[in-house]
Each structure stands twice: as structure tokens, then as C-alpha cells.
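Could you put together the complete structure from these sequences and hints?
With the sequence shown counted from 1, adding 578 to any position gets you the numbering used here.
Everything labelled a hint here was simulated from the structure, so no lab data went into it.
Any given hint might turn out to be false.
[As the list claims (entries may be wrong)] Computed cross-link-like contacts, EDC-like style, restricted to lysine to aspartate or glutamate with a CA-CA straight-line distance of at most 20 Å:
1) K620 with E666
2) K664 with D639
3) K653 with E623
4) K642 with E666
5) K642 with E623
6) K664 with E623
[Unchecked claim] For each label pair, taking beta carbons as the anchor points, the in silico distance ranges come out as:
7) S607 with K664: 32 to 38 Å
8) S604 with D639: 15 to 21 Å
9) T683 with S594: 29 to 35 Å
10) S695 with A638: 20 to 26 Å
11) A591 with G681: 40 to 46 Å
12) Q659 with S696: 17 to 23 Å
13) Q659 with G681: 19 to 25 Å
14) S695 with S629: 32 to 38 Å
15) N650 with K620: 27 to 33 Å
16) F606 with K664: 23 to 29 Å
17) K642 with G593: 26 to 32 Å
18) A591 with G631: 33 to 39 Å
Backbone N, C-alpha and C define an ideal beta-carbon position, used for all residues, glycine too.
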Amino acid sequence: VQLQASGGGLVQAGGSLRLSCAASGSTFSINTFGWYRQAPGKQRELVATISRGSGSTHYADSMKGRFTISRNNAKNTVYLQMNSLKPEDTAVYYCNAMGFLSGPTNYWGQGTQVTVSS
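Written out as C-alpha cells, the structure is:
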């Protein structure tokens with residue numbers, strides 16, 4: 579599975595961005611999509627996950643109410659709508675896909691930079 583993330587950029591505090599992640603390859607093997615982020619000098623942290631089948635979602639507490647994860651299975655694409663952005667949301671955002679294909683699998687996209695100015 580290959581993951582191609584896009585949509586990052588520079589935005590002012592209070593603004594919005596929508597990230598996209600297109601999956602290709604053995605996408606049938608994916609069970610869960612996720613977004614993670616890593617700020618400079620910090621560990622990578624979970625933003626949100628979504629079940630490819632049921633669509634059930636999970637969010638990190640600090641993102642609840644501001645971020646929305648969604649997916650379009652027909653396009654093998656997962657989205658992250660980010661509203662009310664804060665400077666502390668500045669990070670590289672990574673797309674993730676987990677599943678099973680002759681064993682557990684865990685794939686990462688290349689990351690897209692999100693910078694929120696104050």
C-alpha cells in the first residue's frame with residue numbers, strides 16, 4: 579500500500595485546512611486509516627482514526643470538536659478537516675493505514691507540513 583498525503587500549507591490561527599491521503603496498491607487489506615502529527619522536538623502523536631468498514635472514528639482529546647476525519651472508500655482516500663487551527667497545531671501530519679495481509683500491516687505516507695501562524 580502506498581499513501582500520498584496532500585493539502586498542507588500555511589494558515590493563520592483560526593483558519594481551516596483539509597488534508598487528503600490517497601491510498602493505492604492492496605487497499606482491500608486496509609482496516610483502519612489514521613492521521614498522526616509530529617511537531618519539532620516532539621514525539622509523533624495520534625490525531626484521529628477511522629474504520630474503513632464501519633466509519634467509526636476516534637479522536638485525540640485535544641482535537642475533538644475541531645478536527646473531522648472522513649473517508650471515501652470508492653476513492654480510497656481519507657480526509658482530515660481541520661478547523662479553528664491554533665499555532666500549536668503546527669506539525670508534519672502523516673497519513674497511516676493499518677490492516678492485514680499475510681500478517682499485520684502498518685503503512686505511512688510521506689507527511690505534509692501544516693504551519694499555523696499567530
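The hints, checked one at a time:
Our distance criterion of 20 Å between C-alpha atoms is met by K620 and E666, whose separation comes to about 12 Å. Annotation: proposed proximity of K664 to D639 holds, straight-line Cα distance about 15 Å (limit 20 Å). Of the supplied pair hints, the one linking K653 and E623 is violated, its CA atoms being roughly 26 Å apart against a limit of 20 Å. This hinted pair checks out: K642 and E666 have alpha carbons roughly 15 Å apart, not beyond 20 Å.
Distance check on the hinted pair: K642 and E623 sit about 14 Å apart at the alpha-carbon level, within 20 Å; holds. Pair hint K664 plus E623 holds up; C-alpha atoms about 16 Å apart against a cutoff of 20 Å. For S607 paired with K664, a C-beta distance near 35 Å keeps the hint of 32 to 38 Å intact. For S604 and D639, the Cβ-Cβ distance of about 33 Å falls outside the hinted range of 15 to 21 Å, so the restraint is violated.
For the hinted restraint 29 to 35 Å between T683 and S594, the CB-CB distance of approximately 32 Å keeps it satisfied. Checked against the hint of 20 to 26 Å, the pair S695 and A638 passes, with Cβ atoms roughly 22 Å apart. The beta-carbon spacing between A591 and G681, approximately 43 Å, falls within the hinted interval of 40 to 46 Å. Remark: the range hint 17 to 23 Å for Q659 to S696 is upheld by a beta-carbon distance near 21 Å.
Under the hint 19 to 25 Å, the C-beta atoms of Q659 and G681, about 33 Å apart, miss the expected range. Between S695 and S629, the C-beta spacing of about 34 Å keeps the proposed range 32 to 38 Å intact. Restraint check, N650 to K620: a C-beta distance of roughly 30 Å satisfies the suggested window 27 to 33 Å. At about 37 Å, the beta-carbon gap between F606 and K664 misses the expected band of 23 to 29 Å.
The hinted window of 26 to 32 Å between K642 and G593 is violated, with their beta carbons roughly 19 Å apart. A C-beta distance of roughly 36 Å is found between A591 and G631, which places it inside the suggested range of 33 to 39 Å.
The structure does not agree with the numbered hints 3, 8, 13, 16 and 17 stated previously, though it agrees with the rest.
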